[in-house]
Amino acid sequence: MRIAVIDPGSGNLASVKRALERVIGETGVAAEVAVTTDAAEVRAADRVVLPGQGAFAACRRGLDALPGMVDALTDSVMGQKKPFLGICVGMQLMAERGLEHGVTPGLGWIAGEIAPMDPRDEAGVELPLPQMGWNALVLDQPAHPLLAGLAPGAHAYFVHSYALAGGKPAELLASARYGGTVPAIIGRDNIAGTQFHVEKSSLVGLRILANFLRWDP
Amino acid sequence: MLALRVIPCLDVKDGRVVKGVNFLELRDAGDPVEQARIYDREGADEITFLDITASHEGRDTMLDVVSRTAAQVFIPLTVGGGVRAVEDMRRLLLAGADKVSVNSAFVTDPALVTRGAEAFGSQAIVVAIDARSSGEGTWEVFTHGGRRGTGIDAIEWIREAERRGAGEILLTSMDRDGTRQGFDLGLLRAARAAVRLPIVASGGVGAVEHFVEGAKAGATGLLAASVFHYGQMRIAEAKAALEQAGLPIRPMAEAA
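The listed protein sequences derive, respectively, from chains A and B. Every letter in the first sequence is one number past the one before it in my numbering, and letter 153, counting from 1, is 153. Every letter in the second sequence is one number past the one before it in my numbering, and letter 72, counting from 1, is 72.
For the record, the hints were derived by calculation from the structure and aren't laboratory data. Any given hint could turn out to be false.
As the list claims (entries may be wrong) - Anything over 12 Å on all C-beta distances counts as not near chain B; from chain A, calculated:
1. T37
2. R97
3. A123
4. H197
To be verified - Output of the computed footprint for chain A on chain B, the stretches with three or more beta carbons under 8 Å from beta carbons of chain A:
5. 138 to 144
6. 150 to 161
7. 196 to 202
8. 231 to 241
9. 244 to 256
A quick note: this is a predicted structure, and the numbers were derived from the prediction, not measured. Glycine is no exception: its CB is placed at the ideal position from the N, C-alpha and C atoms.
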């Protein structure tokens, strides 16, 4: 199995690669991970991972700057239905648009837009922003294969100031509570995305990656 | 609920942990990679490395330490010490750090934080501020390991860090550092009131109750070095104290 990790030019992809390789070693799944900027690699891959850090607009620009990448991604994921995992801003790019530094179109695979957060406690007092740290997952669709083996309340590592708003309940697989509901894992059919850093979420994150390797949507 | 973060810090010089103590389970107390793995297994929510190396060769050694740690420890890793340019940040982030912290350079070149945030995102940029009490309810920024006063008001400086694009503040009380008398709670409350950024409290932990006090004063991350390093307290004990106080934690069972 070939897993393409797309490098939109925005961050530390070594961690995503290392986490996938660790999981490959543990599960015994025969797979190779390639971090790539090459659309042909994505077309040749069996599974596609899109990480992303920083701002939505910058990630989208980074993706658009790779020749043929958006077409290869769309053909592979929407056409051929290859399993796809977006991570952090990579997950956000699945939405219809992002509102960080102006309005930027997303891939439009998932309903909703990426809007600024304004979390507050019950008394209306502002909670820290970005949401930075480990938050408990509410498993909205516990039977989804990506959530196999996760206990309700398992913690994942979040760092973000923008979140999916206006999504469809049917596409919300898991969420967190931070002054309201924060979409944590979204997906439908062969696509999924985690707002949190699955590669930095210790055993919980590694389990989700292992589930992704075995996922047969 | 977002869990409070318990963050052990390791001082590293020329690729070796400073002031190492041989725990039974450690083959080599001076190896930061092995020490980080132990902390990870014990339930640390993040690891912070503070590089106190002076030489360039030592800095390359640090990149190797970061890279080897990131290959084995799947929790966030922050690295600080000697970060003076966007290129320093890039090297550390590419080696596997998730966040870099800027301390003295934020005083000499505040725009560095903006450039770093533009290049890598605010989430990757921590501003570390060393503060010393300068009167009733006021604190002054110090640099160079707390030796050099700057005349800058620490609370104003925290606001400046937020304006400049930092994603987090690492706030160390130089008055409390090494005293084991607990965090400077007045400083934490003043910082919490000044900005919306997450604040990591540092300096002064000597007992588990200090973590609870720091959290109640508004810190969302609680950093300690020597108490963990010398084995006077285990990470699990700090978390148990937080939990008993009704504060949210990430349980040990989810750690590697």
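Verification of the supplied hints:
{"no.": "1", "hint": "T37", "in the structure": "15 Å, holds"}
{"no.": "2", "hint": "R97", "in the structure": "19 Å, holds"}
{"no.": "3", "hint": "A123", "in the structure": "14 Å, holds"}
{"no.": "4", "hint": "H197", "in the structure": "8 Å, violated"}
{"no.": "5", "hint": "138 to 144", "in the structure": "violated (count 0)"}
{"no.": "6", "hint": "150 to 161", "in the structure": "violated (count 0)"}
{"no.": "7", "hint": "196 to 202", "in the structure": "holds (count 4)"}
{"no.": "8", "hint": "231 to 241", "in the structure": "violated (count 0)"}
{"no.": "9", "hint": "244 to 256", "in the structure": "holds (count 6)"}
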